[in-house]
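**Q** One-letter residues, chain by chain:
Number of protein chains: 2
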Amino acid sequence: MINKKMQGLGAKRSVIRELFEYGKIRKAEIGEENVFDFSLGNPSVPAPDCVNENLVKLLNESDPISVHGYTSAQGDANVRQSIIEYVNKTHSVEYSKDCLYMTVGAAAALTCSLTALVNQGEEVIVLAPYFPEYKVFIERCGGVVREVLCDQVTFQPDFDKLEKAINKNTAAIIINSPNNPTGAVISKENVQKLCDMFQNAQERYSKPIYIICDEPYRELVYGDVKVAFVPKFYNNTIVCYSYSKSLSIPGERIGYVLVSPKVDSFLEVYQAICGAGRALGFVCAPSLLQKVLPYCLGKTSDVDVYDTNRKLLLKKLTEYGFTAVKPDGAFYLFLKSPVEDAYEFCERAKQFEIIFVPSDDFGCKGYVRISYCVTTEQIEKSLPAFKKLAESYNLI
Amino acid sequence: MINKKMQGLGAKRSVIRELFEYGKIRKAEIGEENVFDFSLGNPSVPAPDCVNENLVKLLNESDPISVHGYTSAQGDANVRQSIIEYVNKTHSVEYSKDCLYMTVGAAAALTCSLTALVNQGEEVIVLAPYFPEYKVFIERCGGVVREVLCDQVTFQPDFDKLEKAINKNTAAIIINSPNNPTGAVISKENVQKLCDMFQNAQERYSKPIYIICDEPYRELVYGDVKVAFVPKFYNNTIVCYSYSKSLSIPGERIGYVLVSPKVDSFLEVYQAICGAGRALGFVCAPSLLQKVLPYCLGKTSDVDVYDTNRKLLLKKLTEYGFTAVKPDGAFYLFLKSPVEDAYEFCERAKQFEIIFVPSDDFGCKGYVRISYCVTTEQIEKSLPAFKKLAESYNLI
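Just so you know, the sequences run in chain order A and B. Residue numbers for the first sequence follow numbering that gives the first Met the number 0, so the first one is 0 and each next one is one higher. Residue numbers for the second sequence follow numbering that gives the first Met the number 0, so the first one is 0 and each next one is one higher.
Treat the hints as calculated values from the structure; they're not laboratory data. Hints may be right or wrong, so weigh each one.
Cut-off 25 Å, straight-line C-alpha distance, at most; resulting in silico cross-link-like pairs (DSS-like, lysine-lysine) [what the hints assert, rightly or not]:
no., chain 1, residue 1, chain 2, residue 2
1, B, K206, A, K261
2, A, K3, B, K206
3, B, K4, A, K206
4, A, K4, B, K4
Incomplete in silico selection of chain A near chain B, CB under 7 Å [as the list claims (entries may be wrong)]:
no., residue
5, L54
6, A271
7, A323
Chain A regions said to be covered by chain B (calculated; three or more residues, Cβ under 8 Å) [said to hold, decoys possible]:
no., region
8, 41-48
9, 95-107
10, 179-188
11, 248-254
Idealized CB from N, CA, C, for every residue including glycine.
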C-alpha cells in the first residue's frame with residue numbers, strides 16, 4: 000500500500016510553493032511586470048563568472064571519463080582538500096579533508112545528518128520561526144520536532160524557553176543563522192550562551208547533544224555583521240553548508256556536511272553520516288559541480304543588490320507604517336502583519352498584486368516573509384502597491 | 000545517540016569498494032598496467048559528444064540565472080516533455096510528462112519509489128543475484144528483503160521459487176534487466192509469465208503489488224536482444240531509469256522515475272514518490288544536467304567496445320576451461336568459481352594481479368563478477384594472467 004505520510008507530503012504543496020504557483024498564473028493573466036512576487040528564495044543575481052567559466056574549462060579540458068565519473072562517496076579528495084583549506088584559512092582552524100562529506104545541497108546535508116544522529120522518538124529542537132522542511136526531515140527519520148519560539152523583538156534565541164525545552168530525549172538542535180525567514184544573525188554572545196547551555200545539558204544527561212548549523216546564507220550578511228563559526232564554540236557541532244545562495248546555483252544541488260573533528264566519537268559520527276547518505280540513495284554529489292568548487296572558493300554572487308533591496312524595502316515599509324525586523328543577513332524581510340491573522344494580510348496584499356508568505360508554516364504566527372532576492376527595479380515598482388496596502392489598513 | 004545501523008553502513012564498505020581500493024593500492028605498488036582490475040562498474044568509454052557540447056552551449060547561451068535555478072520538484076517541465084516524447088516514440092505508448100519524476104540518478108529513483116510504496120514490515124522480492132544496495136534501500140524504509148534465487152543455468156527467474164515467495168505481505172518486486180551482476184536479460188516470455196503471476200497474486204490478496212524495474216542498463220544490450228518494456232505488460236509498474244551508463248555520466252546523478260499511468264490510484268502513487276523525494280532531501284535533480292538531456296535522447300556512448308570485450312572474454316575464458324553465463328546486456332560477466340568458495344577464488348586471482356568480485360554479496364554463492372567496462376587492450380593484456388589462473392586449478 001502507498002505510504003500515506005509520503006503521499007501527504009507530495010499532495011500538499013508547501014504554502015510557499017502554492018503562492019509561487021499563484022504568482023505564475025497571475026503573471027500570465029495581467030503581465031509579469033504587474034505582479035510583485037516576493038514568494039520564493041530563488042537568487043536573482045547570476046552566478047559569479049568563475050562558475051560558468053570553469054565549468055566550460057572542465058568540460059573542454061578534463062579527461063572526459065573522469066570529469067563525469069563517480070567520485071568517492073565522501074566526495075572527490077582534491078575537492079575536499081581545497082574546501083577544507085579555505086575553511087581552515089577563513090576560520091583559523093586546522094581540519095582535515097576527512098571532516099567533509101560532499102552532499103547534494105544543504106537539504107541532503109540535513110537529511111544525512113539527521114538520519115545519522117536521530118533515533119526513533121528522540122527530539123530535535125528548532126528555533127521558531129524556522130524553514131518548514133526541517134519538520135519534514137526530522138519526522139521522516141522518526142524524530143520529534145520541539146519548537147522553541149525566538150524573542151519576538153530581536154528574533155535571537157529566547158534562552159528561558161530554550162532551557163525548558165531541553166530534556167533527556169533531546170538529540171540535537173538545528174540553528175540557522177542567518178535565518179530564513181527573519182534574516183536574523185545569532186550574535187556571538189548568544190552563540191556562546193547557547194553553546195554553554197548545551198554543554199551543561201550534555202553533562203546533565205551524560206550524552207552528546209548535537210548542534211546542527213544549517214548555513215546556506217553564511218556569506219549573505221550586511222554591514223559589519225559576522226556569523227560565528229560554531230565548531231569553535233562547541234565540540235559536538237555539525238555544519239550543513241550549501242553553495243546554492245552564495246554562488247546562485249540552487250538548482251545544481253551542491254553542498255557539504257562538515258563534522259567538527261572534536262565531535263565525540265568522530266569516526267563513528269562521520270561513518271554514520273556516510274551510511275545515511277548511502278541508505279538514502281545519494282551515491283555521490285554531482286561530479287562536475289564538485290569539481291568546479293575549488294575555482295570558486297571565497298567568491299560570491301553580487302550580494303550588494305540584496306543589500307540595496309534590503310535598505311530600500313526596510314526604509315519605505317517603515318515609512319508606510321509597517322513594522323519589520325531589520326535583517327542582518329539572508330534575503331528575507333520579516334514583516335509584522337497589521338492584523339492578527341497573517342493569511343488575511345496575505346489575501347489583502349494579493350488585491351494589490353503583492354505576493355508574500357504568511358509566517359504560520361514557519362512556526363510563528365502574525366508575520367509575513369518578503370523574499371527580496373528580486374531586482375531593485377522590481378522593489379521600486381512595488382512600492383506604490385505597498386503604500387496602498389498600508390493605506391487600506393490606515394497605517395499611513 | 001548515533002544511529003548504529005547507519006554507522007554500520009558507513010563503516011563497512013561494500014566488498015566491491017574494498018576490492019577497488021585494494022586495486023588502487025596495488026597499482027601504486029607495481030604499476031597501473033600490471034593490475035587487471037575488473038572490480039567496478041564505472042563506464043570506460045567517454046560520454047557521447049552531445050553531452051559536453053550541449054553543456055557548454057547551455058552555459059554560454061542560456062539565461063545565467065535559470066540555467067542553475069531550482070526546477071520544479073518533479074523536474075523541469077520542458078525536459079520531462081522531451082523525455083516522455085522519446086519514451087512514447089520508442090515504446091509506442093502515449094504517456095504524459097506528468098508520469099515522470101526526475102531524480103538524482105537511479106539510486107534516488109529507487110529510494111524514492113521504495114519509500115513511497117513500502118511500509119514497515121512489508122516484503123520486497125529481489126531476484127538473486129542482485130545489486131547489493133537494494134537490501135540497504137529496502138531495509139532503510141522498514142521493508143524486509145525476500146531473496147529468490149534465479150535459475151542457475153540461464154539466470155532467468157525461477158518461477159517455482161518465485162511463486163512460493165509471494166505472500167500477503169509482498170509489497171513489490173525489483174527486477175533488473177539487463178542484470179547486474181549476470182548480464183542476463185529477462186526474455187519477453189518470462190516477463191509475461193512474471194507479470195501474469197503477479198496479476199494473480201494481486202487478485203488473490205486484493206491489493207496492488209508493484210513491479211519496480213531498475214533499468215540503468217536498458218541501452219546496453221548486444222546482438223538482437225530486446226529489453227521488454229514492462230509497463231506494457233503490467234499496470235502497477237514503476238520504472239527507475241538512469242543516464243549513468245547509457246551516457247557514461249555516472250557521477251552526475253541524473254535519472255527518473257516513470258510511474259505507469261495505468262498504476263492503481265495513479266495520482267496518489269505519483270504524489271507519494273514526490274513526497275518521498277521531498278522527505279529524503281532531494282529538492283530537485285541537478286538543473287544543468289536535467290537541461291542537457293533533451294539534446295541527448297536516444298544517443299549512447301560507444302557500446303561496441305563493451306560488445307568486443309564481452310565476446311573476447313567469453314571466448315577466451317571458456318577456452319581456458321572456465322564456465323560463464325553468456326551476458327546479453329550490461330557489462331558484467333558472471334563466472335563460475337572453480338572452487339565452492341568464491342572468496343577463495345578471488346584471493347587466488349589476486350596472486351595473478353586479477354581483481355574481480357565474489358558473488359556472495361549479490362545473494363548468490365559460487366560465482367565472481369567481472370566488470371568488462373575497461374579498454375579492450377586491458378582485456379587482452381589480462382588474458383595470460385587468466386590462463387595462469389586456470390592452470391593453477393588444472394582447468395586447462
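**Q** Looking back at the numbered hints, which does the structure fail to meet, lowest number first?
**A** 1, 7, 10
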